[in-house]
Amino acid sequence: MSALEPDACIEMYRQMVLIRHFEELALKLRLDDRIHGVVHPYSGQEAIAVGVCANLRVTDRIVSNHRGHGHCIAKGADVNRMMAELFGRRTGYCKGKGGSMHIADFDAGMLGANGIVGAGLPITAGAGVAAQLEGGDAVAVGFFGDGATGEGPFHESLNIASLLKLPVVWVCENNQYAAETPVAAGLAAPNVADLAAGYDMPGVIVDGNDVLAVYAASREAVQRARAGRGPTLLECKTWRHHGHALRDVMPPERRPADQIALWQARDPIPAFETFLRTHGLLNDEQMADIGLSIDQDLVDAVAFADASPYPAPEEALEDVFAL
Amino acid sequence: MTRLSFAAALDSALAEEMRRDPRVFTMSTSPSPALLAELGPLRVKRMPISEATMTGIAVGSAGCGFRPVVHWRSVTFAFMAFDQVVNQACKIRYMFGGQRDFPIVFRANYATGLRSAAQHSQTGYALYAHLAGLKVVLPSGAADARGLLKSAIRDNNPVVCFEPSRIDPLEEDVADDGEGLVPIGVASVKRPGTDVTLVALGYMVYPALAAAEELSADGASVEVIDPRTLVPLDVDRIRQSVRKTGRLLVVDESPPTCSMAAEITASVAEDWETCRALRAPVRRVCTPAVPIPFSPPLEDFVLPDQARIAGTVRELLGYT
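Chains A and B, in that order, are what the protein sequence lines are. Sequential numbering from 1 applies to the first sequence in my numbering. Sequential numbering from 324 applies to the second sequence in my numbering.
One chain only, chain B, in its complex shape (with noise of 0.2 Å):
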């Protein structure tokens, strides 16, 4: 076992999978020196502030049998890139009748919780998640993020991997033998339980952690599900805790309209044999349909913490 980072994960598994696959390529306005230095800068690139441009050469490129990785940085930025997502990467296999696979990695951090203002602190993933074509992964600790992120770039598709920069500095123990690859679309149980399915998303992991012990010493046993990936979703690991425990509470650091916290809530209101073993209302805790102020007790204000959540189970827990 090594101790790492969140950050260092991510750093280590892209290094591990540029050694391992000759294919695979890197575009960043600010690569890894030491990568640099390891692999050169035909495979390491140091790219200008063209996030458009970056993320149509990888479609490019991947159509000619390369792996690229694009570190947007910020999902912020990746917004100046979208058509080259929206209308490209997402839809270039499709439209062209599957010719040719475009296995690639678009990185993306969003920094709520971190006094960054509205621009970076937008979590962005539903807006992705939406597109078709498009694989979506989020991991929440270190060692999901090395595994998620090796996947990502051993997948033939594209997938964004989205980074909470409030993780980065988080540390995990991470296994150092064998690949420690997380399938894409896997679900984990981060706590079981039997009374309460608490879906948490990103850095909302911890919170909803703290929340579920905080009530256990009430006797109230909260089931913590983080999906992981996006898209695909594991729906059916989600339906079967609610099947068990009744009530589901989703938390996400997002605006509610349209996001991955309704898509949630949908995908287990239209499952006949999830609903009616509902026992409360399914509930959301996310962020209003705000943008994300900067002053600590503005943000602190929005973003869904450990007392809103415990306050939303217990609320829950009241309906028998």
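With the rest of the complex left out, here is chain A (with noise of 0.2 Å):
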């Protein structure tokens, strides 16, 4: 598939829209007191999701991060059953047991999102190792923030891949901000790929807002690791739009306004709606008639989720250990 043909540029679109809107609903929802605990809203970094899902196969797996609804909805997840999770209903992912945090879906190859900063870098390792034991040509995409280069195993799992030429592509969303920290004041390179270098793998910086430069970059990042020569860190420079999570309140907004007005004028979305007009890809009535399809859908999504049962209170003694 190329980026350039217009079915594949429509549907990327239409990914993009669905996220944005999902998780402008999420943060209403949670704000209503209609779901419960954290949402930490993907909103700004679209285009990463979508730009790198755009080249993967269901047999394909990614690993998330806290951030996790926008890659599950690029991995092609149901948006009913996410809704249903989120408001902690049976019929959920997790059957209500895992939450917006931990939303999975096996079967669309979306090993999961994960509360713990820098923890998906160990397991997508993993779904590269499985994949070089299947012999097939399998990738692992590993998801995560500019935070978690500090952790330990970022580093270890880096050096690892690259040593046993795991086919991982490890996309980092350089948002600029791990939780409250300026991504400067954490990791002493001026970029996270610089530190690929080390690690004896490609590190290429991405614009993170254009949904076709994350595509292009992350193509060549997965037909690498798909011929077997190994893995690659792409780092996606992104803004999140609102703050780093939210449980009752919107959290107070500490960045700097000049900064905010910058990236704001750099949205993904009205970026790319520029792209399809200016190629006549997609025309206003169409892209307004995309959006209130997927706004019926989310309708939708939430009736479902409404209507689905709550676990009874002794499922929480199931799953705890296979049979």
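Some hints could be false.
Unchecked claim - What follows is a list of derived Cβ distance ranges for each label pair:
no. : chain 1 : residue 1 : chain 2 : residue 2 : range
1   : B       : Leu365    : A       : Ala213    : 31 to 37 Å
2   : A       : Leu163    : B       : Ala498    : 36 to 42 Å
3   : A       : Phe106    : B       : Pro611    : 45 to 51 Å
4   : B       : Phe402    : A       : Val38     : 23 to 29 Å
5   : A       : Gly135    : B       : Ser355    : 20 to 26 Å
Claimed, not checked - Part of the chain B face toward chain A, derived, beta carbon under 8 Å:
no. : residue
6   : Gly386
7   : Asp406
8   : Gln411
9   : Ser590
10  : Arg599
11  : Val625
Just so you know, these hints were derived from the structure itself, not from any lab. Every residue, glycine too, gets a C-beta built ideally from N, C-alpha and C.
Each of the two chains sits in its own frame; use the hints to bring them together as a complex.
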């Protein structure tokens, strides 16, 4: 598939809008107290999950982090079951045991969102080892934030992936802040991608708000992994629209106003809309229709979740051990 | 029958299971050269000293249908991988609603009694037994080691196999016909008796048996039980013994707070049928709550031994 095929571009656009609308809805549902716990909205980073996953097959695997809704959707998860999980219902992906931070869809090759920073990298390497043992050409993609570079297993995993020539693509979503810490205050190197050289793999800086740039860079990395030539580190520079996480209130905005203005002007969705319009792939009306159709799907997802039963309390005792 | 050391029995169990099931692979910082030569570097992986990532690779690959065996070496190194155990391996099946099984074996030794000083002498198994979602086995001889490790590799859950280094050279007859599987969750009565139940963990089985022999000269009949599996614990077998003897002593070369010894005594105390059969207080022989020291007189002072065990049993026999 080439990114420049019209259908592929339109599908990427649809997924980006779906993720955005899902996230804005999740945020509203949380603030309205209709769902529980913590939500880490992916708004602003859609181009990365979508651009990377457009290169993947169902047999490829991804591992996500705490900000995982976008990765789920881009890898093909069903929004009804995602929404039901947010609502803590039995029909959710994890039967109500995971919630927003722990959605997984193993059948779709989505090996789970993870609440521990950096913990997904070793698991991604494990999916890479599995692909190598299977002997096919499946790849594993690990999504993580800039904050993960502060964790030891980040460095161990890059080293081991390179040593074992694992079919892995490391995708750092550098959204400029590890929770409240600016990236420059947490990482000695100017760029995350600079660290790749120390582990003898290509390190590529990508405009993470340009879905076609992400698609092209990850295509090369995925091809390299499929060909048995080992891992690549992609650093996608991006920006999250909201605070790190929210419970019942939006967290106070601590990022500088000029930085916010700069990045908001580079919102990946309007940027891609301009591309689609300019190249005659979609007009405004068609884009509006896509948005409306997605909103209807999300209304249906909420209705599905709301109508689904809660798990019976004693189901809390199930699923600890396999038989 | 083949005469095998504890260490050799563990090695042969791993090799047999790897030959039996192509999904089994192993990661170690020091793989067996013979196994590497036989099965190749893809399945016998030599890894850098990165316990956290080795452990996470096990979680990820298990979720993709493989059956990894991670050799942590000493449990003390496994603490570098604690997140991948506590937050990942233990919880991932449950947290994701049982979408996949995670068959993983972690092997961990500990070197109490070998003048290894504080960091390498801690048993650690109670820390792992505390975590929901993990099975824990602790064999005390070659045949059990072979049988339990094989069962652990075939189990569809994460299992930690604790291997007391003091037992490594001890030899035992191991049946070489058949699989020699030992079921997880079943205790072993090492010596039957009627007056006192002595539950001993890991290497402690040996001084416990010696104490039982010593006490038999005084006419005391001591039943020695090796739980062999810590999670799930064979509570029924232990209670059954205590209902018969009316006296319980647990020997655990770990500090007493939140220890397996505490768990075993609580399991007995909270069952009324067993509790009402007691003729003496339940007792524990543990290490004091100090790091294990290096110098021989210091280490010998803190570790449970035959004399302390026998002395405590005599106290219990004093209650009639």
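Here is what the structure says about each hint:
Separated by about 35 Å at the C-beta atoms, Leu365 of chain B and Ala213 of chain A satisfy the suggested range of 31 to 37 Å. For the hinted restraint 36 to 42 Å between Leu163 of chain A and Ala498 of chain B, the CB-CB distance of approximately 40 Å keeps it satisfied. As the Cβ distance of Phe106 of chain A to Pro611 of chain B is approximately 47 Å, the hint placing it in 45 to 51 Å holds. Checked against the given bound of 23 to 29 Å, the beta carbons of Phe402 of chain B and Val38 of chain A, roughly 28 Å apart, stay inside it.
Separated by about 24 Å at the C-beta atoms, Gly135 of chain A and Ser355 of chain B satisfy the suggested range of 20 to 26 Å. About 6 Å separates the beta-carbon of Gly386 of chain B from the nearest beta-carbon of chain A, less than 8 Å, and the hint is met. With a cut of 8 Å, the hint placing Asp406 of chain B at the interface with chain A holds, because the nearest CB-to-CB distance is about 6 Å. Because the closest C-beta pair between Gln411 of chain B and chain A is about 6 Å apart, less than 8 Å, the hint holds.
Violation of the interface hint for Ser590 of chain B is found here, the shortest Cβ-Cβ separation to chain A being roughly 19 Å, above the 8 Å cut-off. Here the hint on Arg599 of chain B is broken, as its CB sits about 29 Å from the closest CB of chain A, past 8 Å. Hint status for Val625 of chain B: violated, given a least beta-carbon distance of 32 Å to chain A, over 8 Å.
Hint compliance for this structure: hints 9, 10 and 11 are broken, all remaining hints hold.
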